[in-house]
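Chains as they are written, first to last, in the numbering used here: chain A, 24 to 372; chain B, 59 to 360; chain C, 239 to 552.
In short, the hints are calculated from the structure, not lab data.
Errors might be hidden in some of the hints.
Just so you have them, the derived chain C footprint on chain B, three or more residues with Cβ under 8 Å [as the list claims (entries may be wrong)]:
1. 143-150
2. 232-244
Cβ pair distances, simulated, as ranges [what the hints assert, rightly or not]:
3. A:ASP352 - C:GLY372: 47 to 57 Å
4. B:VAL99 - C:VAL341: 31 to 41 Å
5. B:PRO306 - C:ARG327: 28 to 38 Å
6. B:ALA255 - C:PRO353: 46 to 56 Å
7. A:ASP352 - B:LEU258: 48 to 58 Å
8. A:ARG296 - B:LEU276: 57 to 67 Å
9. A:GLU133 - B:PRO251: 43 to 53 Å
10. A:ARG201 - B:ALA268: 52 to 62 Å
11. A:ASP176 - C:SER364: 32 to 42 Å
Below 25 Å or equal to it, Euclidean Cα-Cα: the simulated SDA-like pairs (lysine to any residue) are [to be verified]:
12. C:LYS452 - A:THR351
13. B:LYS222 - C:MET267
14. C:LYS362 - A:ARG112
15. C:LYS452 - A:VAL158
16. C:LYS452 - A:ALA135
17. B:LYS189 - C:ARG460
18. C:LYS452 - A:GLN242
19. C:LYS452 - A:LEU129
20. B:LYS189 - C:LYS362
21. C:LYS452 - C:VAL465
22. C:LYS362 - C:ARG460
None of the values given here were measured: they were computed from a predicted structure.
Each residue gets a CB set at the ideal place from its N, CA and C atoms; glycine is no exception.
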Amino acid sequence: MTPRETEERHGFPGALRAPGGVGGHVGAPHEKVLEVRDLVVEFSSEDGPLRAVDSMSFTVGRGEIVGLVGESGAGKTLTSEAILGLIRRPPGRVSGEVRFRGQNLLALDEPALARIRGKDIAMIFQNPGASLNPVFRVGDQLVEAMALHLGEDRGALRRRAGELLTRVGIPSATTRVRDYPHQFSGGMAQRVMIGMGVACTPALLIADEPTTALDVTIQAQVLSLIRRLARELGMAVLLVSHDLGIVSQMCHRVLVMYAGRLVEEASIATVFRAPAHPYTRALIACLPGLDQGDRLGAIPGVMPGLRALPAGCRFHPRCSLAEPRCATDEPALRPAGAGQLAACHLVGA
Amino acid sequence: MARPLDAEVLPAQAPAAAGAPAGVGTARRWWRRFARNRGAVFGLGVFLAVVVMALFANVLAPYDPVAQGVGPANEPPSWEHWAGTDSFGRDMLSRIIYGARIALVVGVVAVLLAMVIGVSLGLVAGYYGGKVDALIMRVMDGLFAFPIIILAIAMMAVMGFGVKNVIIAVGVGFIAPFARVTRADVLAVKEEPYIEAARLAGVSGPAIIARHVLPNVLAPIIVQAALRVSGAIITESGLSFLGLGPPPPTPVWGSMIAEGRNFIVMAPHISTIPGIALMVTIVGLNLLGDGLRDTLDPRLRR
Amino acid sequence: MLRFFLSRIGQTLTVLFTVSVIIFALMRMIPGDPVLMVLGDDFTQEAYERLRAKLGFDRSVVTQYLIWLQAILRGDFGDSYLNHERVSRLVWDAFLPTLSLVVASMLVGILVAVPSGIVAAMRKDSAWDWGSMGFAIFVYSMPSFWKGIVLIWIFSVHLRWFPAVGYVHPWESFWEGTWRLVLPAITLGTFFSGLVARIIRSSLLEVLDQDYIKAARARGVRRAALVYRHALANALIPVVTVIGLQFGTLLGGAVLTETVFGIPGMGRLTVAAILNRDYAIVQGAILVGVFAVVVVNLAVDLTYAFLNPRIRVA
């Protein structure tokens, strides 16, 4: 953990409220719900420590939907799991700061984190079928999730469980609560997970590839459900996805990750109008129906493994615009336009 | 036991790590992984010690293992007789060293026998399927229902005593596990495109089994074999303990333990010392088997 | 569930049929004339022919098997060649002590294995883990008959806490019977615990790696509830199967253990019968033993199905 002297100056009204405060959706309109600063995730290995997430810094504002995109292995999932303290240590090592409403989550112990998980920050995962415990009834799992954080009696929670399932669009919810997870399709299971996630009206929902395992038709339904709930509950969402198309439909802002580092941050409109980083441009070129239309592009080469990171810019071996300095100096994240940041030597040059 | 990075978390780094050239590099890598498991190295040491004892028993043993009265009877360990003497005044150390020979031969040969029969049956059942499969596997199910020691006892009842019969009796019990493991793997391998390709190219069934199926199911079979040797030795010792093993005066650990039972009050060393030899051997083989499983068959790793 | 139920019962019947064929075949492979064995040394040619016909040895092998099977199904295992007692009676009398030893050993084994397996998994790679797994492989590798002798040497000969040999039904004299079962049950039960502890550990570690554990943790489930509620409920299901599969191994171990402790069970009965060439007893004992194993396996499979909602609620 790196102590920072600037810590105090970044305080904002939200930080003064008790972290356990119910709801917590009042405050300045541009209030930052989540502030991640210099987040580093490392793993010890036979070949020494491997840095899987390197100096990630970003924020998520109240009610904002932020997309985190990148190829698989870029460190998106680890970033999102690090926020909730889900990375096992050892072998993992997490440093930096994760401020949730001003409170540094990385400094909290496990019981304190458990009080925040599911209540103030909820998370849903890539594989909904495997995210529910197979030996417990779905209703019981919903009740458990609520009982952990809400001081209501079980009977009331049981009714709430049925209401929640109805709210996330599960037909005949009152009988479905008695079913087991294997009796739910992937899409329905993800609806259950979302229902469980929003049960305690969290301020932030982290959705890690929530639709990757689902059929295309189901994907759209689940995404619109997330969007609807986010609006209704005033909930911020960090949407992790490898699919820039999904992010473009869902998010206000996008963060692009490459080989463990943040390479570009911009609003959705900016990213599609004027992407600053060559990697972002390449990703957009790969989207069907945009850019060249009929030709689906592919970025040549593969993302480097953590054991073989290139010197300089991590993207330079695959970059068509690479210059000699790209192979030696690592570019820092710098402004590329209004509200836009990019880590590329060519930006602003 | 550093297993920090699952493929799932960081798929991109896996190929980079596996990029080392095959052959010598693979063997060294394999050995390094094996050597990190201290239990397995200990097991290997024990196994080698037992092999040396078995091979050079006639050199290592200070006395004739069946000669009576080489010392006073029931004598506790001394300078003349490191492991003491038994009720016939035979030298225990010599009997234990020669006993390693029986244990090893029975253990290894019984498992090899079971492996050859079981793997053949499993290959045929898995590859051809249908009625052949059903027939073979129903018989295997029946054999599998017998606890190994009880099947061995039944076999000894039928065949009569003697080392050769002990090997058969112990081996029969291990046929079914080999057949099952092999069949399960064959069923998986059979679906691979290269098998289909060979079949379309007109290669005959037995040739496909020998050339394409067997090599691909061998690793788990070897692991099975390594894990089963200790079981075979325990079964043999159990038979010998019950008096159904190789007939006296053959030096067998199980019979030595049984003989010492009558002298447990006045001469406890007669039972305990061969028991320690047996136990160390079994612990060693189990650790070795676990180590081999962890390094050879990563699917089973934990 | 019903379909699973019926198919498992069908499988069990098939296995029992195969087992009966194997045992029948084994008994036919015994060198010597079984008729002579029943008659003894002194007989007439006429008596020989009559018994031969009565036992069905003049007919085809299949008919012989069917006659044999019919008798077995009636519970008629024939008479002992030696003292002409009913084999079914002898086997039943020997089966009860063996069964109580097996059950007592299971209890001891589970009592030791569950806590040590859980501790090993929860503190993976710690001294607890190494300690309990080292102990597990140690007791698992110790031949039960030798372990029994060592326990007798320590606790009966030296400390005089327990009787060295002998058996009383615990249901006839509870304290006396239980007292006498302690050493044999520890002997066999520790072997069992070594096996089960290793399986509980690996099963629990596997479950703790699953997505639903991570998801539950992300919902704020505390560590204790995570392990004891969420993980154990899943991890113990396969352990039930293992316990059932090991019933056979335990029965085999009991045969050896009871020999050490002078328990008048199946092992002693069978071994004595083999040495006396009293094959009717050998056959009856092995039939009953294997039958028990198969039935227990069926019961365990049905329990497994009941515990696992994916099968129960299909």
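List in ascending order the numbers of the hints, as given earlier, that are violated by the structure.
-> 1, 2, 12, 17, 20
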